[in-house]
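Model the full structure from these sequences, guided by the hints.
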Amino acid sequence: MPLTALALALAAAFVHALWNLLLAHARNIEAATAVALVVAVAAFAFPAAAFWHVDGGVWPYVVGSAAFELVYFTLLAAAYRRAEFSVVYPIARGSAPVLVLAVAVAGLRASTSWQQAAGVALVAGGIVFVRGFRHGLKRGGAAFGLTIGCCIAAYTLIDKYGIRYATPVSYLELTMAPPAIAYAAAVARRNGVAALRAETNPAAIVAGIATFGAYALVLAALERAPAASVAAVRETSVIIATALAGIFLKERVGWVRMAGAVAVAVGIGLLSLG
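Under the numbering used here, the first residue of the sequence shown carries the number -3, and numbering increases by one thereafter.
Note that these hints are calculated values from the structure, not bench results.
Each residue gets a CB set at the ideal place from its N, CA and C atoms; glycine is no exception.
Honestly, I wouldn't trust all of these hints.
[Stated by the list, open to error] Distance ranges between label pairs, derived from CB positions: (1) Gly121 <-> Gly52: 44 to 52 Å; (2) Ala224 <-> Ala182: 36 to 44 Å; (3) Ala98 <-> Pro56: 30 to 38 Å; (4) Gly242 <-> Arg193: 39 to 47 Å.
Put into structure tokens, the structure is as follows:
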């Protein structure tokens, strides 16, 4: 893997962890998420217009993906408000590729390699360590993480086929705009427009731009290295996010949870390479 591609993939991992951290750190997480989504859609609009190409067959996939994206962001905001970021993020990111592989094996009768089997084992073990062993620890974080992982797996499977009918930036704009508008409208109706104004601050704006930035960095890395290698490096975001949670959110990230995050990241990497 060329050094430039490695640097781009690592940067994408950091930026992805960063925008999630910024939302988790917001005073009103739902409103901040709504603002970030609108900013992200606005940021994507320019490259999407420049490279616009959409075939008629894309629309069923857009509807399906957008629906799961809406559920994803709704659950994400709720999870960051009620549970620990260092639990939710690794479990969500780790469970999604395992679920995608399970669907591929069960539904499409795809074969599995030893790397994928080892990856599943590492992710499963890592999730146990991230969840922790302390009695009385809230289980909400793990439940949220697994549910969010299901959403990621669902729209990933849909996007695998939908992306054939549009350029990547066009497809992303089409699938992000409806949930962004719907989510912002729901938050405004429930909490008032004033809540959105209050969270229209540098942190939420940076989170929105970072959503676009992480995607752009991945595309740049993919131009220079194989997709499997980029995907594997990209999942170091799990380790980065866990470390950032301990530093900035003051969560109790001990060696057990950090070890779990590392296991999840390595497991996802093996799934990508397998």
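- request: Return holds or violated for the Cβ distance of Ala224 and Ala182 against the range 36 to 44 Å.
  value: Holds, at about 38 Å.
Status of the given 30 to 38 Å range, CB of Pro56 versus CB of Ala98: This hint is violated: roughly 23 Å between Cβ atoms.
message: Assuming the hint says 39 to 47 Å, is it satisfied by the Cβ distance from Gly242 to Arg193 or not?
response: violated, 32 Å
query: Honestly, do Gly121 and Gly52 meet the 44 to 52 Å range at C-beta?
result: holds, 45 Å
Going down the numbered hints, you'll see the structure goes against 3 and 4, while the others check out.
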